[in-house]
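Could you put together the complete structure from these sequences and hints?
Just so you know, the sequences run in chain order A and B.
Its first residue numbered -4, the first sequence is counted upward by one per residue in my numbering.
Its first residue numbered 76, the second sequence is counted upward by one per residue in my numbering.
All clues given are correct.
Think about it this way: if two alpha-carbon atoms lie no more than 25 Å apart in a straight line, the pair counts; the simulated PhoX-like pairs of lysine-lysine are:
| # | chain 1 | residue 1 | chain 2 | residue 2 |
| --- | --- | --- | --- | --- |
| 1 | A | Lys96 | A | Lys52 |
| 2 | B | Lys136 | A | Lys96 |
| 3 | A | Lys4 | A | Lys52 |
| 4 | A | Lys96 | B | Lys124 |
| 5 | B | Lys124 | B | Lys136 |
| 6 | A | Lys66 | A | Lys4 |
| 7 | B | Lys124 | B | Lys143 |
| 8 | A | Lys96 | B | Lys143 |
| 9 | A | Lys52 | A | Lys66 |
In short, the hints are calculated from the structure, not lab data.
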Amino acid sequence: NAGVTQTPKFQVLKTGQSMTLQCAQDMNHNSMYWYRQDPGMGLRLIYYSASEGTTDKGEVPNGYNVSRLNKREFSLRLESAAPSQTSVYFCASRPLGGAGKNIQYFGAGTRLSVL
Amino acid sequence: AQSVTQPDIHITVSEGASLELRCNYSYGATPYLFWYVQSPGQGLQLLLKYFSGDTLVQGIKGFEAEFKRSQSSFNLRKPSVHWSDAAEYFCAVGGNTGTASKLTFGTGTRLQVTL
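And the structure:
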């Protein structure tokens, strides 16, 4: 019962490098989300995908792009990393119905440092 | 716009003492309210949720929360804290608006438990 799986768990980048954070869920959930967590700021929504084939900006989308590859996978791309993107990134998913409706389930996070 | 305020950044309690973590929200309609817990280096785990009905909700690990519409509050309580409860706690608000049901998180309260 994997739930929401994020890879990698840790990453160090140099300024200007690019990378893609991967997220996959095996719960057949419709909606998926990317957040960043910074000290004293809680979690802030970067992008979300209400359903397969759709993506929308959240609160802090600048510097990021996303792809909803299929129902299971939702990736976050940093095209040119900046030190301000040093953060912990969380992916979450949410079912459309059932007992877990309206509950977001989180992955373990990716800790990213940009030097 | 929806928002969440957690006025206490850091709280220290003795093991066995009672606990109350404060959460105030702003939301234009009937809110869905959540408390999540995050242990160091881990993802977020749902403690409890309020959607409708009984305003006193029970969660996992002996936690409960009370929804008070008149005070726009959803405070988390536990009668007797255990050392393993040391973690960071996040309150979140959202709603079933459209299919996305985005959440807005508070900045978190870090709980320290002394023996």
